[in-house]
Amino acid sequence: MNRLLIRGGHLVDPRNKVDEKLDILLAEGKVAEIGKSLSPGRGTKVLEAEGKMVVPGLIDMHVHLREPGREDEEKVASGCLAAAAGGFTAVAAMPNTDPVTDNQAAIGYIIREAIRAGYSRVYPIGAITKNIKGESLAEMGGMIDAGAVAFTDDGHCVASAEIMRKALTYSLIFNVPVVQHCEDSTLAENGVMNEGIVATRLGLPGIPAESEEVIVYRDCTLARLTGARFHVAHISCARSVEVVRRFKAEGVKVTAEVTPHHFCLTEEAVEGYNTNAKMAPPLRTKADVKAVRKGLAEGTIDCIASDHAPHHYDEKETAFANAPNGVIGLETSFPISYTELVKDGVLDFSTLIKRMSAAPGEILNLPGGSLGKGDSADVAVLDINTEWVIDKNKFYSKSRNTPFHGRKVTGRAVATVVGGKIVWQL
Amino acid sequence: MQFNRKHLLGLEELTAEEIRMILDTAVPFKEISERQIKKVPVLRGKTIINLFFEPSTRTRISFEFAEKRLSADTIHVGVSQSSVVKGETLVDMARNLEAMRIDMVVIRHPASGAPAFLAERIDSNVINAGDGWHEHPTQGLLDMLTLRDEFGKLKGLKVVIVGDVVHSRVARSNIWGLKKMGAKVGVCGPPTLVPRSLEAMGVEIYPRIEDVLAEADAINVLRIQLERMQSNMFPSLGEYNRLYGISTEKLEKAGRDVLILHPGPMNRGVEIDSDVADGDYQVILKQVTNGVAVRMAVLFLLAGGKPARAAEVAATLE
Numbered sequence: 001m002n003r004l005l006i007r008g009g010h011l012v013d014p015r016n017k018v019d020e021k022l023d024i025l026l027a028e029g030k031v032a033e034i035g036k037s038l039s040p041g042r043g044t045k046v047l048e049a050e051g052k053m054v055v056p057g058l059i060d061m062h063v064h065l066r067e068p069g070r071e072d073e074e075k076v077a078s079g080c081l082a083a084a085a086g087g088f089t090a091v092a093a094m095p096n097t098d099p100v101t102d103n104q105a106a107i108g109y110i111i112r113e114a115i116r117a118g119y120s121r122v123y124p125i126g127a128i129t130k131n132i133k134g135e136s137l138a139e140m141g142g143m144i145d146a147g148a149v150a151f152t153d154d155g156h157c158v159a160s161a162e163i164m165r166k167a168l169t170y171s172l173i174f175n176v177p178v179v180q181h182c183e184d185s186t187l188a189e190n191g192v193m194n195e196g197i198v199a200t201r202l203g204l205p206g207i208p209a210e211s212e213e214v215i216v217y218r219d220c221t222l223a224r225l226t227g228a229r230f231h232v233a234h235i236s237c238a239r240s241v242e243v244v245r246r247f248k249a250e251g252v253k254v255t256a257e258v259t260p261h262h263f264c265l266t267e268e269a270v271e272g273y274n275t276n277a278k279m280a281p282p283l284r285t286k287a288d289v290k291a292v293r294k295g296l297a298e299g300t301i302d303c304i305a306s307d308h309a310p311h312h313y314d315e316k317e318t319a320f321a322n323a324p325n326g327v328i329g330l331e332t333s334f335p336i337s338y339t340e341l342v343k344d345g346v347l348d349f350s351t352l353i354k355r356m357s358a359a360p361g362e363i364l365n366l367p368g369g370s371l372g373k374g375d376s377a378d379v380a381v382l383d384i385n386t387e388w389v390i391d392k393n394k395f396y397s398k399s400r401n402t403p404f405h406g407r408k409v410t411g412r413a414v415a416t417v418v419g420g421k422i423v424w425q426l
Numbered sequence: 001m002q003f004n005r006k007h008l009l010g011l012e013e014l015t016a017e018e019i020r021m022i023l024d025t026a027v028p029f030k031e032i033s034e035r036q037i038k039k040v041p042v043l044r045g046k047t048i049i050n051l052f053f054e055p056s057t058r059t060r061i062s063f064e065f066a067e068k069r070l071s072a073d074t075i076h077v078g079v080s081q082s083s084v085v086k087g088e089t090l091v092d093m094a095r096n097l098e099a100m101r102i103d104m105v106v107i108r109h110p111a112s113g114a115p116a117f118l119a120e121r122i123d124s125n126v127i128n129a130g131d132g133w134h135e136h137p138t139q140g141l142l143d144m145l146t147l148r149d150e151f152g153k154l155k156g157l158k159v160v161i162v163g164d165v166v167h168s169r170v171a172r173s174n175i176w177g178l179k180k181m182g183a184k185v186g187v188c189g190p191p192t193l194v195p196r197s198l199e200a201m202g203v204e205i206y207p208r209i210e211d212v213l214a215e216a217d218a219i220n221v222l223r224i225q226l227e228r229m230q231s232n233m234f235p236s237l238g239e240y241n242r243l244y245g246i247s248t249e250k251l252e253k254a255g256r257d258v259l260i261l262h263p264g265p266m267n268r269g270v271e272i273d274s275d276v277a278d279g280d281y282q283v284i285l286k287q288v289t290n291g292v293a294v295r296m297a298v299l300f301l302l303a304g305g306k307p308a309r310a311a312e313v314a315a316t317l318e
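Protein sequence lines correspond, in order, to chains X and R. So in the numbering used here, spot 196 of the first sequence is number 196, and the numbers just go up one at a time. So in the numbering used here, spot 285 of the second sequence is number 285, and the numbers just go up one at a time.
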């Protein structure tokens, strides 16, 4: 018998339009009952959630777990624990590992490691092209059989329109999204931050916003041409949001995600050559932050994803141009999102949970993101009242490369339940 | 008055007062280099490391002369002979050097921000001898000293920087320094090398060299690097010379005297024609001479020297 009663909390489940004080009983890995003042019954464990929000487990559809290849930066197990500590019950793992996750066996390896760790669920995303070289399609069918949920060459953009068109067309067999890291590398050249006044002053080569916009536009047209599902990873600039809005209105199957750092930081964070403000796409301007927030509010941007990208301390401890791209985010994603979006009045709480749970779940056809009777017992219990200060030294992730260290935030996960089992508790 | 900074990382962060202090301090130091015995005991016992991650002749020798003429003990560490080839990180190298008890590091590095990175992590004074496209503060200072020598002032001068401005640390240091001192600064070159975004630094953009020559008091001609042509910033060196090269013909057409500066090394026949480089209106070698004095002033001030005592110190004999 594996029964857990989460008692006294305020249940918010956007997909089932629930937003009230309700208990939830989990049994045998599923939601068994929802109601007022449920009694636990014999042998049922009780998780007290008085004063807390109880939501479908958060889903992060863009995470780099670095295994295999860079276990010094992150492992599947450490990443899954970090995810659980952030309220995530499921994450999608990016394929730019070493060796690249571009085949059936590699997908299977990641899934097994995640099961062995036993924290959050992991859904691998396979590479679009062999070895992420952008040249020939990887065996998507084999990867789907092993458990892949989407395809991407993330970290690199599929530069060739011909290959991208074929990837989208081929993906129709499986009805999974093709996720693009939208960046025209010939326009981005050797850029290391947003092109603009800060780059000019610091003497750093810039990346124009147009390098993203042209690929978002190109691939939206290819999605229209093929009828396939196209997902824009980590959208960062105003004009890209405008393009997605236009194609969505046309009925093209395009979805988009944005990271917490792209909706709350600007290029100014690079001042002082801060390598923890270096990522691809780069932090943009105030106008871009405003636009992606608006996109999130209206639903042009479907979901929030952290682009959790662990890097070893030594690699970020260098001159800006030489540092690798990326910041971690699993343990800061909810607190930053709650503080910046809900407390700032951009989204109501229920919409935030939709953007962090139901929406990414739908994009990837995952079972989570919903707490109806019979759904997976994946639940996050969130405290939205306590103010606290982010401390990178307390992370479960193996890496520390966050731009949010020392930031005062409100809201955090206090318990995370996967398959009816408490996998992490504050 | 005292110079209260630990490092010299760029001119953007200095005040007009501080820049004036460095230039004024450089004036009495100029004379040291004119003596039979070119040495004063100002930095006796100080150890300075010149850490050069990029090849340099002029800047490196200028710093070394400045250090030696102030009696410091100096060591040059060039990238090819250093442990960088063995994979040691910048910060490990600096910490190791510091463990040998040094006082100052002069650093030249291809990455913008490398001197600031070092300054945050070691106790010694750090002097930026050029970092990426960011700044080359002592070059900016020596250019300003040369301009002040020629015109007697900087305030109100119109100085135009011509060439590859966007990739130039010399340009950035000149822009910040000259603007703080009250000069008007313009930039000129092909839009691929002089993009509109530079306007945010408070400079006027001149697309045509003819307009510059009609208005400027002085022009600072930047070196054009071959790799910029290879990356299609302009079609050929010949075309660059035709459109932006400083020639006697263009100067004569302007019909007025314009002072010519060049930070070196020059590409004769590309950004500057030989008859201009060797002509009456250039101060290119005066810049080089002033470079030693400016660097002496910077070393003296960072070591805690009082500007008011510069003349007295310079007059002492070894």
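It cannot be assumed that every hint is accurate.
Stretches of chain X that chain R covers, calculated by requiring three or more beta carbons in the stretch to come under 8 Å of a beta carbon on chain R [as the list claims (entries may be wrong)]:
(1) 308 to 318
(2) 362 to 369
(3) 394 to 407
Just so you have them, the derived chain X footprint on chain R, three or more residues with Cβ under 8 Å [said to hold, decoys possible]:
(4) 103 to 116
(5) 197 to 204
Think of the hints as simulated: they come from the structure by calculation, not from any bench. Don't be surprised by glycine CBs; every beta carbon is placed ideally from N, CA and C.
Hints, verified against the model:
1. 308 to 318: Coverage by chain R holds for the region 308 to 318 of chain X (3 residues, Cβ < 8 Å).
2. 362 to 369: Per the Cβ count (0), the hint is violated.
3. 394 to 407: violated (count 0)
4. 103 to 116: Holds, because 6 residues of the region 103 to 116 of chain R bring their Cβ atoms closer than 8 Å to Cβ atoms of chain X.
5. 197 to 204: holds (count 4)
Consistency with the previously given hints fails for numbers 2, 3, ordered from lowest to highest.
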